[in-house]
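Peer 1: Mind docking chains F and R on chain L? Use the hints.
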Amino acid sequence: MKLKNKSFKIGFGILSIITVAFFLIPFGNSEFQSDSELFSAFTALAANPKTHFIEMNASSLPNGQLAYQMISHKVDSGNGLTRDITVARYGENPTPSIPGPAIIINQGDEVFLKLVNKIGGDCVSVHVHGVHYSIGDDGTLASTNKVEDSCATIDSPKTYHWVAGKGTVGTWPYHDHTFGGETGAEDRGLFGVVIVDRPGTKAFIDGKMSWIPVKKIDKEYVLYMVKTSFWGLEIDNNKGGLQTPLWVNPTLLAKQNDEVRFHVVGLGSEFHTFHMHAHRWVDQGTTDVIDTKNIGPLARHVFVVKAGEAVGSGDWMYHCHVFNHMRAGMTGIFQVSAAGGPSIPGPSPLV
Amino acid sequence: MKLKNKSFKIGFGILSIITVAFFLIPFGNSEFQSDSELFSAFTALAANPKTHFIEMNASSLPNGQLAYQMISHKVDSGNGLTRDITVARYGENPTPSIPGPAIIINQGDEVFLKLVNKIGGDCVSVHVHGVHYSIGDDGTLASTNKVEDSCATIDSPKTYHWVAGKGTVGTWPYHDHTFGGETGAEDRGLFGVVIVDRPGTKAFIDGKMSWIPVKKIDKEYVLYMVKTSFWGLEIDNNKGGLQTPLWVNPTLLAKQNDEVRFHVVGLGSEFHTFHMHAHRWVDQGTTDVIDTKNIGPLARHVFVVKAGEAVGSGDWMYHCHVFNHMRAGMTGIFQVSAAGGPSIPGPSPLV
Amino acid sequence: MKLKNKSFKIGFGILSIITVAFFLIPFGNSEFQSDSELFSAFTALAANPKTHFIEMNASSLPNGQLAYQMISHKVDSGNGLTRDITVARYGENPTPSIPGPAIIINQGDEVFLKLVNKIGGDCVSVHVHGVHYSIGDDGTLASTNKVEDSCATIDSPKTYHWVAGKGTVGTWPYHDHTFGGETGAEDRGLFGVVIVDRPGTKAFIDGKMSWIPVKKIDKEYVLYMVKTSFWGLEIDNNKGGLQTPLWVNPTLLAKQNDEVRFHVVGLGSEFHTFHMHAHRWVDQGTTDVIDTKNIGPLARHVFVVKAGEAVGSGDWMYHCHVFNHMRAGMTGIFQVSAAGGPSIPGPSPLV
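Chains as they are written, first to last, in our numbering: chain L, 4 to 354; chain F, 4 to 354; chain R, 4 to 354.
For reference, chain L alone in the conformation it holds in the complex (with noise of 0.2 Å):
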């Protein structure tokens, strides 16, 4: 490297003390000097990528919503042995649920998805934001994509081929594209998550910022704010990663101090600003501290909070900051306690 500028190569000592002293204080350093492992993982593979093989039925609820429906998920560590984590981590008979099952995987893995449609007439798909896949399993409809219908019919079963390649590692949203036309039915309730797990999330905790490695991230919580209400699910890393579907407007529980992490995304045509009472943040890939945060459709805002943190137990508050979508009820309960315990669902449409 050939260093043009004569004054920069002078002010080369000083300056770089300044360099690290400006990143100094704002990465806590505690977290980050045992962890720096972590960033080579933003560019690298598992080390042991695996295949998941995962059946999926696109069902109809009794009230005439749509949802996914976890059957089967197999994987595959390439050593000719299949195990089957369906009841680890969907529990026993998955019912439908809305948001869908949250599919995790590593970077570096492949997933063939079978998606069986369960609820007739037209084609249901899944298309999913993130990952690599080819045109043929964009989940949209030959119409548009020019090669085939990337959906299931009842005759006629899909199965998508994603490769979670370098680069992919985040949350991505995964939604239909092509039940009653290219639109999709995603308002109707098919929707979900891929989380392409990650070294770590950037937090602000104890007034630093550090990574909070994804091994330590006791639960999570997807949350979809759709029109006037929240779509959860719950996952609980102390119970293996074992997902529960949370429903409407759930009561989010956490044992203080808990490092928690939300998944928040937005779906339809309503922009919100999520909120949550006494808790701060960090908006993934700034320095910006917040603790509302505009979401616009299908756009995912993923943070992490240790629970209760100098506030602690209480019945805390997450809501849209948009009035007229609070007085709609859009609101629900970060409830901190010494106890902790598995959260409590709301209302579902299965009954």
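Keep in mind that a hint or two might mislead.
Covered, in the sense of this in silico footprint (three residues per stretch, anywhere, with C-beta under 8 Å from a C-beta of chain R), are these stretches of chain F [claimed, not checked]: (1) 256 to 263; (2) 323 to 329.
Each computed DSS-like pair below joins lysine-lysine, with the alpha-carbon atoms no more than 30 Å apart [stated by the list, open to error]: (3) R:Lys-219 - L:Lys-169; (4) R:Lys-218 - R:Lys-53; (5) R:Lys-218 - F:Lys-230; (6) F:Lys-211 - F:Lys-77; (7) L:Lys-53 - L:Lys-218; (8) L:Lys-149 - R:Lys-53; (9) F:Lys-230 - F:Lys-121; (10) F:Lys-117 - L:Lys-230; (11) R:Lys-211 - F:Lys-211; (12) F:Lys-149 - L:Lys-258; (13) F:Lys-169 - F:Lys-218; (14) F:Lys-230 - F:Lys-211; (15) L:Lys-53 - R:Lys-242; (16) L:Lys-230 - R:Lys-230; (17) F:Lys-211 - R:Lys-219.
Since the hints were made in silico from the structure, they are not lab data.
C-beta atoms are modelled at their ideal positions from N, C-alpha and C, and glycine is treated no differently.
Peer 2: Here is chains F and R on its own, set in the frame of chain L:
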């Protein structure tokens, strides 16, 4: 620390230089060098933490709107002496105002805020963002927080206790959360800001990223974007931080080259884009330079500009760039001149 | 520089390494190393600043919409020679277009833009974001700017003088601000972009953050999101920067692995979320990798992708992800193929 990545080691020398080069350029070094102490303040508490004893009314305005009113602000620096800063900060006999008084404190400070309900009827509250407090001081109803009605009735004031602990620097909204029900009456005028003062604000001045220390900021404008109006407040740091309510769509005055800070907050059900003519600034926590910013309800956007930088004096418009909002008059003037002077309030519901 | 913090000094050696490690990972070093000169350009003015003499019409289209039309663009590099680049950049006999012509300049350049009003009736203007100009060139009415009607009547053209001074790099909208009153007639088609070209755009390619120098960008698409349509323009850098109006919801063509840059801008009263299938990119000024971005009126979002990276050729949808906007047809195709070729315009009001 153990470095596992061999190629990382090899590249260390040259990459160190590149890293420094990268951050040298975007951050102008003049501000930076003399203010490196600033950064430590992001996690540091104030050297002399203070306790603030504040009394505010929630009052009715002649037109039926509601507003907070500063009654008294006393400060105890822990030396046994309590100083009354009411007149210095809020002037003689402060009226109710929209937005309410800006409560400016340092990280490490504590606040005891006594709210007196002069409206009558429902229980009125102050729910604050960003700072630390216990669930009983949440400004919500017992039906939500399960502890107490955290609000003031006509007969019984409520005293809130806040702690601006580590990591609470920033501009944070406060607002009612109980009047007429859990949604509160923020829409009728009950809102303001708490500023936990920060070491400085990142600015993009003369083509360079700099940190502007708070002590250098000449004036500050609080602008709430509500439906199709701006509701403003001025803080003049050259007059000891004296606040003046500016009401609706004020004319903001600044002296050429003064460094002024804007605190823009959304409220209600509308989304806005804040724009100001002929100025640009850095989106906090990023290196993006913008002149138009999405503002959702209760999201806040803080930035510094040098008034008239490279464009000189003039009546520069600030306005919402949502077309229907502009058409409905959501606009004001940022008047930059050699003389400067106090900003000119817009129409007030007090008359 | 005096370092007051003792523990900072002690930790210097190890933290220096950590800092470098942190920034090494997210930023791919191949682009970075060869382009370190790029960064200085953020504050540097062009080596040979130019003066641009531009003449544009404001014209009426057959359907009643209004549009800017390039008439002439000449460049003086200060050597006494003036070069006419009209045909090279805008083609033979450029028609009016929506968006209007993209005015591409370098930092340090000056522009004299003469606007001729071919519409008649009210005074029509060009109000520009981002660059420097005096209040008389604000493109607003005298009733607002207190100086002059900064606009062109049928009898009297207006010449604007802009300076792309230090710190003005970026993509900035321009639009009418006087036709029919201070709000202007941007909603009828009078909008475009100025691009003050930057040293490069941060991209997330093959899992690495890189800086893509402008000279490497093959094609650029300007996409204005207005109500339920995209209004597009192509800039082909492999044809000397030739611009082609693409009108409504065009099919954007790119060659596999071409590096293409999108300039997405909002306009009007609606908020949008821009999404593109099977691609992801970095949110400028952050390290957040996204595929869906909130776009408010007059906010702009600029990003680079490698066409078909890791997903191959295909007809990939780009669309607004606001459900009602999708249903109303706010969608187009990003067609990636081995051959590439010129993009295919959508329906035009010219016919």
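Peer 1: Next, verify each hint and record whether it holds.
Peer 2: Structure-based check of each hint:
Coverage of the stretch 256 to 263 of chain F by chain R is violated. Counting CB-CB distances below 8 Å, 0 residues qualify, and the rule asks for three or more. For a cut-off of 8 Å, the count of residues in the stretch 323 to 329 of chain F with a CB near a CB of chain R stands at 6, and the three-residue condition holds. For the suggested pair R:Lys-219 and L:Lys-169, the alpha carbons sit about 22 Å apart, so the restraint of at most 30 Å is met. The straight-line distance between the Cα atoms of R:Lys-218 and R:Lys-53 is roughly 18 Å, inside the 30 Å bound, and the hint therefore holds.
Using a Cα cut-off of 30 Å, the hinted pair R:Lys-218 and F:Lys-230 is violated, with the two alpha carbons roughly 44 Å apart. For a cut-off of 30 Å, the pair hint linking F:Lys-211 to F:Lys-77 is broken: about 39 Å separates their Cα positions. At roughly 18 Å between alpha-carbon atoms, L:Lys-53 and L:Lys-218 fall within 30 Å of each other, so this suggested pair holds. Taking the CA atoms of L:Lys-149 and R:Lys-53, the gap is near 46 Å; set against the 30 Å cutoff, the hint is violated.
Among the hinted pairs, F:Lys-230 with F:Lys-121 is consistent with the structure: their alpha-carbon atoms are about 26 Å apart, no more than 30 Å. For the suggested pair F:Lys-117 and L:Lys-230, the alpha carbons sit about 37 Å apart, so the restraint of at most 30 Å is broken. With a C-alpha separation of about 26 Å, the suggested pairing of R:Lys-211 with F:Lys-211 holds against the 30 Å cut-off. Our distance criterion of 30 Å between C-alpha atoms is met by F:Lys-149 and L:Lys-258, whose separation comes to about 17 Å.
Using a Cα cut-off of 30 Å, the hinted pair F:Lys-169 and F:Lys-218 holds, with the two alpha carbons roughly 21 Å apart. Distance hint between F:Lys-230 and F:Lys-211 is unfulfilled; the C-alpha atoms sit about 35 Å from each other, more than 30 Å. Between L:Lys-53 and R:Lys-242 the CA atoms are separated by roughly 45 Å; this puts the pair beyond 30 Å, and the hint is violated. At most 30 Å may separate the alpha-carbon atoms for a hinted pair to count; L:Lys-230 and R:Lys-230 meet this at roughly 20 Å.
For the proposed pair F:Lys-211 and R:Lys-219, the alpha carbon gap of about 26 Å is at most 30 Å, so the pair holds.
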